[in-house]
Amino acid sequence: MLQYGTKIVAGVTPGRGGGEVNGIPVYDAVEEAASRFDVSASIIFVPAPFAKDAVLEAISSGLSPVVVITEGIPVKDEIQIMEVARLKGITVIGPNTPGIITPNECKLGIMPAHIFKQGKVGLVSRSGTLTYEIAASLTAAGLGQSTCLGVGGDPVVGLSFVDVLEMFRKDPSTEAIAMIGEIGGNAEEMAAEYIKKTNYPKPIAAYVAGRAAPPGKRMGHAGAIIMGRSGTAETKIEALRDAGVRVALKPGEIARLLKSK
Amino acid sequence: MKLFEYEAKEIAQQYDLPVPKGLVASNAQEAKEAFLKLNQPCMIKAQVLVAGRGKAGGIRPASSDEEASKVAESLLSMTIKGERVAKVLVEQKLASRHERYISIVVDRSSKCFTLLCSSEGGVDIEQVAANNPEKIIRHKIDPLIGLQEFESRFVAKKLGYSGKQMNQVSSIITKLYQITLDYDAELIESNPLIETENGELIAADLRILVDDNSLFRHPKFLERMKTFEPDMTPLEVKAREKGLAFVELDGEVGIIGNGAGLVMATLDMILDYKGKPANFCDVGGGASEERIASALEIVLANPKVKVLLINIMGGITRCDDVANAILDIQKRMGISKPMVIRLVGTNEEEGRKILAAANIPSLNTMEEAAAKAAELVSKVK
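Top to bottom, those sequences are chains A and B.
Counting with this note's numbering, you get residues 1 to 261 for the letters of the first sequence.
Counting with this note's numbering, you get residues 1001 to 1381 for the letters of the second sequence.
Since the hints were made in silico from the structure, they are not lab data.
Straight-line distance between alpha carbons at most 25 angstroms, and here's what the computed PhoX-like set of lysine-lysine pairs gives:
1) Lys1220(B) / Lys217(A)
2) Lys1304(B) / Lys217(A)
3) Lys250(A) / Lys1276(B)
4) Lys217(A) / Lys1055(B)
5) Lys1276(B) / Lys217(A)
6) Lys250(A) / Lys1274(B)
7) Lys217(A) / Lys1081(B)
8) Lys1372(B) / Lys250(A)
Predicted model only: the values in this text are computed from it and were never measured.
Please work from the sequences and hints to get the whole structure.
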């Protein structure tokens, strides 16, 4: 992130205050860093058992957005985090996300920056490496990205597809959107409803992973599970198509679908 | 992690949540003794984690200790939808006047726990939701202050209870929520909550699904997971021990990749190329050589696998680590199945060089790899 130019001013690890990593000072508490520097955002790598505490600490210092990279946070913790964030007007990205990147400007995440290129496609995804796969194919097709944001693979997350689509709608740098979904939950269906309701003004192409997934089995991500008959890839694809979204059946097809708008 | 009915009911008893009187039995003799202790007509219920045991004949009455013994023996020799019946619950038989549905679930889009109830109990709630949505009561639970007693009473009233019964049901609902919090449940469901002929309210069936991500703070469940996990295959159990996300399927193309979404997409692509995935396996980000080697071992241990497809799009994951892991496994146990490897990302050049030196080709794109793998399967046949 430093190499990319992200202005990381401090690190916080309780117990390691006074130290330094890559020239960046480390503190015991967020408040110490916040009182010394002009900080506005936070990115969290704290292991799952302690993540809620770390996120709440960042929120209590008014940092926003808080990008939560951590995977494996209990859903009960996530539910509390999101409510506190909501009440305090804080934006949470993730958990279980690779983060957010605006090519040539800023990276708050773990994605390999070199595959992204500045451009006009907004990329929003529940995935990690599948996002890189699609970003790479967009770049190769000459379709750079305005901003790429991972909403995360967990069942309860901060920014949703709908939130990000709304941001992209208002973003003058974004002219088209690539959306990457997967099985589980109803985030894609809610996005489809929102797209219809707003008569979404920018073209959207989507890919939904998990057509081969059996019901009742968690496919890696905590949120990637078909419960009973809900959350299948087919219902999501149908809902999106019904909303006028072009749905790719292969990750590489997204670029082609966006080009042929 | 799914809990057995008897485990859920044992927890309920600790909270004074009324459940039928019952005893667990692992063999016919224990079932006989359980019946004698209960001293009344019973239902013998197979303890399995799969759904649909009723239709599969997994719940049968017994009106004598001899019968309990025979029924238990029969149930304990059954396999229901692939799951062996290891225990039965010998439970008092209760006649019900009314049956209702009460559950607490994680409402993903509302980002909170939600009380989901219906006056239609004892049936498939998804059917009720589809056919009679007006019969579904949904009540969101405040994430910070939790479920208040007045809210439980409110829902009990909506379910049609009044007076003393309203208070009883309200107490049951409150206890269900307490259990949800204490045990990190993603889902707790009583289907049905019954009213007996004496007017007693009892959770005749109880199901609890514990959040897998919370197991680190439930050591008893972690222990239980190590010794007894009936709804996972032996390979799945081994994979979990190694920290791998792994789901066994029934096809012939073994699949390993880095990233759940990428792996799901790979499975989908194999299907599109008319192949059948043998498994889902995500080694995760930044996987060590050791972890990748474990993944190879486990996927190849499945006799159904005819071709192995590895799809790596390395961010934190290093391609040279992947290459070295492949060579390591080849040296240690040999890889007799044809391999198709797609390797791009961090240290891509080194990775491919290492493989090339061992005469293992690697491909650039996911599509080429999936197409090749599917093609190879038909050749191996």
